[in-house]
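Going down the list, the protein sequences come from chains A and B.
Here the working numbering = 1-based position in the first sequence + 1062.
Here the working numbering = 1-based position in the second sequence + 11.
No wet-lab data here; the hints were simulated from the structure.
Fair warning: this is a prediction, and the values are worked out from it, not measured in the lab.
Be aware that a few hints might be false.
[To be verified] Restraint ranges, calculated between C-beta atoms of paired labels, are given here: (1) B:T204 / A:R1241: 50 to 56 angstroms; (2) B:K193 / A:R1241: 34 to 40 angstroms; (3) A:S1229 / B:K27: 52 to 58 angstroms.
Think of the CB as a built atom: it goes at the ideal place given N, C-alpha and C, for glycine as much as any other residue.
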Amino acid sequence: MADLRFQWTPYLIHGKKIETVKHTTIYRQGDVGTGFYYLDKGSVKITLLSENGHERSIDYIPLGGLFGEHGAYKGSYLTSAITTAASVIYFFSDEVLSRICQDHPQAAVIFTNSQIYKLRLLAEIISFTDSPIEQQMANFLLKLAVVHEDNHIPIDQTSFARYIDTSRITVNKILQKWRQQGLIELSERSAIRVVDLKGLRGIVKTNVT
Amino acid sequence: MVSPFETDLKWETLLKYGTRQFVKAKTAIYKQEALGEGFYYLHKGLVKIVTSTFKGKDRLVNIVVPGQIMGLQTMDQQPHFTTAIAVKNAVIYHFSCTQFLETLKVRPELLPLLTQTINQKMRILLTAISMKALTSEEQIARLLLNICEDFKNHEVPLTQQELADCAGLTRITVYKILKAWKERGIIEIKNRTFVVKRPDMLKPPQLTANTTHPV
Chain A
1063 MADLRFQWTP YLIHGKKIET VKHTTIYRQG DVGTGFYYLD KGSVKITLLS
1113 ENGHERSIDY IPLGGLFGEH GAYKGSYLTS AITTAASVIY FFSDEVLSRI
1163 CQDHPQAAVI FTNSQIYKLR LLAEIISFTD SPIEQQMANF LLKLAVVHED
1213 NHIPIDQTSF ARYIDTSRIT VNKILQKWRQ QGLIELSERS AIRVVDLKGL
1263 RGIVKTNVT
Chain B
12 MVSPFETDLK WETLLKYGTR QFVKAKTAIY KQEALGEGFY YLHKGLVKIV
62 TSTFKGKDRL VNIVVPGQIM GLQTMDQQPH FTTAIAVKNA VIYHFSCTQF
112 LETLKVRPEL LPLLTQTINQ KMRILLTAIS MKALTSEEQI ARLLLNICED
162 FKNHEVPLTQ QELADCAGLT RITVYKILKA WKERGIIEIK NRTFVVKRPD
212 MLKPPQLTAN TTHPV
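Okay, chain A solo, but in the shape it has when bound (with noise of 0.2 angstroms):
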C-alpha cells in the first residue's frame, strides 16, 4: 500500500472537494454507487454489516488512499465509510474518472492497484479467520505501522476490537501482556507505539506448520 499512497495526487484538481466533520457516513452498504473517494486529511474507517446485522471494521485508509472503488461505473457499495474524525476528502464521478483516464492512461493503472490492494486486503482477513487472536493483533498493527509508515498507530482499543472481530477486553489484555513484554508503549491515549517490530513478527510466525 506504501508506494499506492498520494500516487492520485496530481488528478485531485479534476475531483470534488468535501469537508466533513466526524461521524458523517461517506456511502453506505447497498446504496447504488455513484464514484469514488481519496481522503486527504482526517480518518475514514470501512465497515462490513453481515446478513444478521453483525457489523466489523474491515479497513482503516490512509492518508492519500482511493476508497469506495466498488461505486465506480455503477457498482453497488459493499461495505460502508464513515469519517472517525473531521476529514477532507475529493470525490470523483465516473464520468470524472473516465475522462481523467481517458487524458492521463497512468490513472487507470493507479486506479486498478488500488483496488486489487482492496481484493488482497480481503484475502488476508480470511488467511487469518482461524488464527488465535494474538496472532491476528500482531498481524494488523504491523500492517498500520507499514501503511502509516510510522511506528506510532493512531488506534483506539474499540476500533482496534471492531476489526480483530473481538471483544475490547479481550484486546486489552493482550496490549498490556504486550507492554510488560516492552513490545509497545501504551503512553498516549488512543495510540499505540510499537517499540519491537521484531518480536511482533515472531508473534505472527508462531504456529505456522
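Use these hints to put chain B onto chain A, whose structure you have.
Same frame as chain A, now just chain B:
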C-alpha cells in the same frame, strides 16, 4: 453520440487478446504464493478457487463458471492468494497482465469492465468474511443461494464435502442441515448433487422463522 464509457463490453469480445489453453480436470491453473503474470477467462468447464489459511487449512472461496474471470489479483505483479483447480476439463484464455494494462492505457473504455469484474471478486471475499458472523445453517443457506445465482440454475454441482470446505464447517454439520432441509422440502437430494426447490425458504426471515432446532 453514445458515451464510449457506457459500453456493454463483455470479456468475450476481448478473447482475441488472450491465448487459448486446455486444462485437464483436477489440474491447477495457478497456485497460491506463485508469482502470477496473468489472469484467465473460463470459456468451458468448471474451476474451484481454494485458499489456504495461515494455519494451513484449505478453504473453498468460490466456484468459477464459464464467462467469468479468475486470477485477476496478480494485476499488481504480486503472488496469487488463491489456487485455481479445474473441476472438469476446461478451456481457458490466458491474458498477460502487463499486456492488458498497456491495452487499458490505449482503450480506457475497458476500465468499467475491469472495475465491475474486480467488484464481483470483492463481493465474493466480503461474503466469505461476513459468513463468520452467521450460524452454520445461515452459512449453508447463503452459500447455496450464491451458487444458484452464479449458475443461474438450482442444481448445485457440489458434494457435501465441498460445501463443508467452502463454509469451513464439518461434513457432519452440513449433512445434518441438508437432511433437515430435505425433510422440509427445501431441497431434493439425487445422486450426490442436490436441487434447491424453495430458494425463498433459504432467505433470512423465512429461514430463521422456521428453524425449530437451531444447529
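Please list, smallest to largest, the hint numbers that this structure does not respect.
Violated hint (a single one): 2; every other hint is consistent with the structure.
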